[in-house]
Amino acid sequence: MSQYSAFGLLRGALNGQKHWQPAWRDPEPKSHYDIIIIGGGGHGLATAYYLAKVHGLKNIAVLEKGWIGGGNTGRNTTIVRSNYRLKPLHDLFEFGLKMWEHLSDELNYNVMFSPRGAMFLGHSDADMTKLAERGDAMRCDGIDADLMTRDEVQKLEPLLDMSRDARFPIEGGLIQRRGGTARHDAVAWGYARRADSLGVDIIQKCEVTGFVRDGDAVVGVETTRGRINAGRVGICVAGHSGHVAGLAGLKLPVESQTLQAMVTEGVKPMINSVIMSQSLHCYISQSDKGGIVFGGDPDNWPSYAQRGNPMVMERAVAQGLALVPALSRLRMVRTWSGVTDMSFDGAPIIGETPVKNLFLNGGWCYGGFKATPASGWTYAHTLATGKPHALNAPFALDRFERGATIDETGSGPMPNSR
Amino acid sequence: MMQFTCPHCGPRDQAEFIYERTVDAVVSLDAAPEEAMKSLFTRNNPRGVDEEIWRHTYGCRAWMVIARNRVTNEISATRAVGPEALP
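Quick mapping for you: the protein sequence lines, in order, are chains A and B. Using this note's numbering, the first residue of the first sequence is number 1, and each one after it goes up by one. Using this note's numbering, the first residue of the second sequence is number 1, and each one after it goes up by one.
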C-alpha cells in the first residue's frame with residue numbers, strides 16, 4: 001500500500017493523477033477464517049484493523065451485507081466527545097477520544113477530526129446543577145470540562161437566542177473543548193484501507209443468513225455467498241444486532257429504533273462548536289462543507305425502516321430554530337435516518353455471548369460513532385483473547401441479570417426512556 | 001406519520017398515540033425472578049412483525065395491541081385490551 005502524502009499528490013499533479021489505486025481489494029470469500037466480523041461499519045473495520053495490527057492475526061474477514069460504511073457510520077451527526085457522567089463510560093470514551101486525536105496519523109488517512117468544542121446548554125438552575133455535577137465527575141476522572149456562564153456561551157455562539165423571553169432560555173453551559181466532529185466516511189474508508197493492507201478480507205454484498213453450529217459452539221456462518229467456516233465470530237451490526245443475534249437463538253436487551261438527522265444547504269461559518277441540549281435533546285453543528293447538521297430524539301417506537309417520521313423531524317427542527325433562530329432562513333437539503341439498537345441502560349454491550357465462539361458488539365444506542373476507535377480496540381482484544389479488555393469488562397451482556405447496569409440517565413429498564 | 005385504527009375511535013393519526021412496549025415485555029404477576037428479568041430486559045425485536053402495546057393517550061386513553069411490521073410499517077391487526085375488551 002502506498003502512503004498518502006502531500007508529496008505524492010504533487011507528484012501526481014505532474015502525471016495527471018494517474019497513480020491512484022483502489023484503496024482496498026474486492027476479494028472472494030475463503031472457506032475458512034480464524035475470525036469473522038459481521039458488519040463492515042466503522043466499528044467492524046476498526047476491530048479488524050486492530051486484530052491485524054495489535055494482535056498480529058492474519059486470517060480475518062469482515063462481512064458486509066451492503067457496502068462498507070453504508071449503515072450508521074454514514075448516518076450519524078459525526079460528533080466526538082467523552083463528556084459522560086459514569087466512570088465506565090468515561091474510561092471507554094476518553095480512551096477513544098485520545099485515539100481520535102492521533103487517528104489521521106495512525107491511519108495515514110485524513111479523518112478531519114476537528115476538536116472545536118462540544119457544549120451542553122443549561123436552560124435552568126436545575127440544568128446548571130446537573131451540568132456542574134457532570135463536569136465535576138469528568139474532572140475527577142481527568143477529563144476536561146468547563147462550566148460556562150451565560151456570557152461565555154453567548155461569546156462562543158453569538159447566534160443563540162439569549163433573550164430572556166426565548167422559548168428555551170439559556171443560563172449557561174458545560175463545554176468539553178477537546179470534543180468536536182470528524183468526517184464519518186473517512187473513518188470507515190481509513191480503517192478499511194489500513195485493514196486491507198494488513199491482509200484483512202473485506203467482503204461486501206455478503207449478508208449473513210445463519211450460523212453454523214457444532215453442539216453449543218458456532219463454527220461458521222451461512223451467507224448469501226455460501227458457507228464460511230470460522231474460529232470465532234463477532235457480531236458488529238448496530239441496529240440489526242437483535243436480528244443477527246436472533247439467528248443464533250439469542251434474545252438481546254436491545255430494541256431497534258430509528259434515529260433521524262438532517263443537514264441544510266452550505267453557508268459561511270455560523271456555528272463554531274457542537275451545540276447540544278440534553279434537556280431538549282437537540283444537537284447542532286456545522287460541517288466543514290458549511291451545512292448545518294442537526295438531529296434530535298429517536299422515533300420512540302421500534303423500527304428497522306431506515307427512514308424517519310416527519311412528526312419527530314418537526315420536533316427536532318422546532319428545537320433547533322428556537323435555539324438558533326437564524327436557521328429558519330436555511331433550506332434543508334437532506335434528511336436521513338439510521339437503525340439504532342437501544343440498550344436497556346443506554347450503554348453499549350461488548351463481550352461474550354452465551355453461545356461459544358460468538359461475540360457481540362452492539363447496543364450503542366445513538367452514541368456509537370464517537371466510540372469507533374475504542375470499540376474496535378476493545379472488541380479486537382476480546383475476539384483475539386476470548387476475554388474482555390479492562391475497558392469493556394463492565395459492558396458485558398450479562399450485566400442486566402447481575403444488576404450491574406451502567407445507567408447514565410438513571411431511567412430504568414426501558415430502551416431510550418428519558 | 002402512521003395512521004392507527006383505534007378500536008374505540010376509528011382511524012386516527014399516530015401523533016395521538018404513545019408507544020409503550022411489546023407484548024413479550026409484559027411481566028406476569030406470578031412470574032419467577034428469571035422470567036421477570038427476561039421480560040423486563042430483553043425483546044424479540046424482530047426485523048418483521050411484532051405485537052406492540054400502544055395507548056391512545058391524546059384520545060380515548062385506552063390501551064391496544066397493534067401488530068405492525070417494523071420494516072414496512074404495515075399494520076396487520078389491532079385489538080383492544082383491558083376490561084372493555086372482555087366478552
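The set of hints was computed from the structure by calculation and includes no laboratory data. Treat the hints with care, as some may be off.
[Unchecked claim] Think about it this way: if two alpha-carbon atoms lie no more than 30 Å apart in a straight line, the pair counts; the simulated DSS-like pairs of lysine-lysine are:
hint: 1; chain 1: A; residue 1: Lys268; chain 2: A; residue 2: Lys289
hint: 2; chain 1: B; residue 1: Lys38; chain 2: A; residue 2: Lys251
hint: 3; chain 1: A; residue 1: Lys65; chain 2: A; residue 2: Lys87
hint: 4; chain 1: A; residue 1: Lys205; chain 2: A; residue 2: Lys58
hint: 5; chain 1: A; residue 1: Lys289; chain 2: B; residue 2: Lys38
hint: 6; chain 1: A; residue 1: Lys251; chain 2: A; residue 2: Lys387
hint: 7; chain 1: A; residue 1: Lys205; chain 2: A; residue 2: Lys53
hint: 8; chain 1: A; residue 1: Lys289; chain 2: A; residue 2: Lys30
hint: 9; chain 1: A; residue 1: Lys18; chain 2: A; residue 2: Lys387
hint: 10; chain 1: B; residue 1: Lys38; chain 2: A; residue 2: Lys18
hint: 11; chain 1: A; residue 1: Lys356; chain 2: A; residue 2: Lys251
hint: 12; chain 1: A; residue 1: Lys387; chain 2: B; residue 2: Lys38
Evaluation of the provided hints:
In summary, the hint linking A:Lys268 to A:Lys289 is supported, as the alpha carbons are separated by about 9 Å, within the 30 Å threshold. Distance hint between B:Lys38 and A:Lys251 is fulfilled; the C-alpha atoms sit about 9 Å from each other, no more than 30 Å. A C-alpha spacing of about 35 Å is found between A:Lys65 and A:Lys87, which places the hinted pair above 30 Å, so the restraint is violated. In summary, the hint linking A:Lys205 to A:Lys58 is supported, as the alpha carbons are separated by about 22 Å, within the 30 Å threshold.
Using a Cα cut-off of 30 Å, the hinted pair A:Lys289 and B:Lys38 is violated, with the two alpha carbons roughly 47 Å apart. Our distance criterion of 30 Å between C-alpha atoms is met by A:Lys251 and A:Lys387, whose separation comes to about 22 Å. With a C-alpha separation of about 25 Å, the suggested pairing of A:Lys205 with A:Lys53 holds against the 30 Å cut-off. Under the criterion of a C-alpha separation no larger than 30 Å, the hint pairing A:Lys289 with A:Lys30 is inconsistent with the structure, at around 41 Å.
For the hint pairing A:Lys18 with A:Lys387, the CA-to-CA distance comes to about 46 Å; that exceeds 30 Å, so the pair is violated. Using a Cα cut-off of 30 Å, the hinted pair B:Lys38 and A:Lys18 is violated, with the two alpha carbons roughly 59 Å apart. Between A:Lys356 and A:Lys251, the direct Cα distance comes to roughly 15 Å. Compliance with the 30 Å bound is thereby established for this hinted pair. Distance check on the hinted pair: A:Lys387 and B:Lys38 sit about 25 Å apart at the alpha-carbon level, within 30 Å; holds.
When each numbered hint is compared with the structure, violations occur for hints 3, 5, 8, 9 and 10.
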